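**Student:** Residue strings, one per chain:
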Amino acid sequence: MGTRRYKVDHSRTKRLFELHFPAINVDKIDWGAASEPSEHYNCMGFAVGVLKWWQPPSQPDLTSNAGDYWPDGVVADVTIAAFVSAAESEQFSLTGSSEWEDGYEKIVLCFNKEDVGRQFTHAARLISPDLWKSKFGELSDVEHTLVEIEAAYGAGRRFMRRPLAAPTPGAGNP
Amino acid sequence: MATLITNNRPADASLGALVDGKVVEFSSIEEKIEALAEAWREDNLGRSVVNYFHPAYLKIIGLGMAAVPHLLREVAQGSRVWFLALEQIVGYPVHLPEMKGDLAAVAKAWIDWGTFNGYSPIQSGPQSNKAAI
Numbered sequence: 067m068g069t070r071r072y073k074v075d076h077s078r079t080k081r082l083f084e085l086h087f088p089a090i091n092v093d094k095i096d097w098g099a100a101s102e103p104s105e106h107y108n109c110m111g112f113a114v115g116v117l118k119w120w121q122p123p124s125q126p127d128l129t130s131n132a133g134d135y136w137p138d139g140v141v142a143d144v145t146i147a148a149f150v151s152a153a154e155s156e157q158f159s160l161t162g163s164s165e166w167e168d169g170y171e172k173i174v175l176c177f178n179k180e181d182v183g184r185q186f187t188h189a190a191r192l193i194s195p196d197l198w199k200s201k202f203g204e205l206s207d208v209e210h211t212l213v214e215i216e217a218a219y220g221a222g223r224r225f226m227r228r229p230l231a232a233p234t235p236g237a238g239n240p
Numbered sequence: 045m046a047t048l049i050t051n052n053r054p055a056d057a058s059l060g061a062l063v064d065g066k067v068v069e070f071s072s073i074e075e076k077i078e079a080l081a082e083a084w085r086e087d088n089l090g091r092s093v094v095n096y097f098h099p100a101y102l103k104i105i106g107l108g109m110a111a112v113p114h115l116l117r118e119v120a121q122g123s124r125v126w127f128l129a130l131e132q133i134v135g136y137p138v139h140l141p142e143m144k145g146d147l148a149a150v151a152k153a154w155i156d157w158g159t160f161n162g163y164s165p166i167q168s169g170p171q172s173n174k175a176a177i
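Chains as they are written, first to last, in the working numbering: chain X, 67 to 240; chain D, 45 to 177.
Please note: incorrect hints may appear among the correct ones.
Unchecked claim - If you want the footprint, here are the derived chain D segments under chain X, 3+ residues with CB under 8 Å:
1) 87 to 95
2) 105 to 117
3) 136 to 144
Unchecked claim - One side of the interface only, derived from the structure: several residues of chain X facing chain D at Cβ under 10 Å:
4) 87
5) 89
6) 94
7) 97
8) 136
9) 139
10) 144
11) 170
12) 191
13) 193
14) 194
15) 196
16) 202
17) 204
18) 205
In case anyone wonders, no lab produced these hints; they're calculated from the structure. Keep in mind it's a predicted model, so treat the numbers as computed, not measured. Glycine is no exception: its CB is placed at the ideal position from the N, C-alpha and C atoms.
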């Protein structure tokens, strides 16, 4: 059985991006590299590479959706500190630099500086020296700059990095 | 077809709902659920952490067992966002604790529960072009 290839119709997603994220230039997005919309994983899942919907329960055993994921042992709240801890559970560590570094994966976790509760708002992954990529809620994951998402998700940022995994001996491209 | 109610309460209270600041009477429970779900999705669009305390989501829970076949249909079609509503309506989780976060396992647990308890997912017309609620 071969791999099914098909062209995804992103027209609805484009309209929603134009409506809800006007700072993002949809014409510059490489839609061929964008995912289909999915409610199965969110920006945090995309950033750390564990494709689940990372969301802590509001109150344990009371308001958690069984389809949501939150790592064991990490404080269950929506603060930026809790999401930093969640990323640390995937071997990411805080760094002061947003710059591309060879040999590392880099992510950014966002929050509103004006928010006294410092609630987490978004996560993105650095995919090239000047381009980030993230999943917008249930919408697609698309590339963008940090400036383009600032109005929607705030200017507060925590950068984190993780050493790239060493290639597995004998593993090649499929 | 939904009817906008101006002065009077809906004839059937279970088919009325406040949506986007307007009281609307729907022709069926399914239509009401779809409108509420759309309102919930619209307000959560682009959000990294969705709001299960949203009025529309709570209204769907408030429909009680009448909503269960419709929510099971969404679960059967791959939606993960209605597990909490189902759990709140039924009153208990049907999945094992270790299934949490495993969409396929939780979905199967709900479908199996529905089958065992006589709540088959409601089918509503052709599904191929229908967006998930």
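**Student:** Against each hint, give a clear statement of whether it holds in the structure.
**Tutor:** Hints, verified against the model:
1. 87 to 95: holds (count 7)
2. 105 to 117: violated (count 0)
3. 136 to 144: holds (count 4)
4. 87: 7 Å, holds
5. 89: Violated: closest Cβ of chain D sits about 12 Å from residue 89 of chain X, beyond 10 Å.
6. 94: 18 Å, violated
7. 97: 17 Å, violated
8. 136: Holds. Min distance 8 Å.
9. 139: 14 Å, violated
10. 144: Holds, because the Cβ-Cβ distance from residue 144 of chain X to chain D comes to roughly 5 Å (cut-off 10 Å).
11. 170: 23 Å, violated
12. 191: 14 Å, violated
13. 193: 18 Å, violated
14. 194: 22 Å, violated
15. 196: Given a least distance of 23 Å, the restraint on residue 196 of chain X is violated.
16. 202: 5 Å, holds
17. 204: 7 Å, holds
18. 205: 6 Å, holds
Hints 2, 5, 6, 7, 9, 11, 12, 13, 14, 15 from the list above are not met by this structure, while the remaining hints are.
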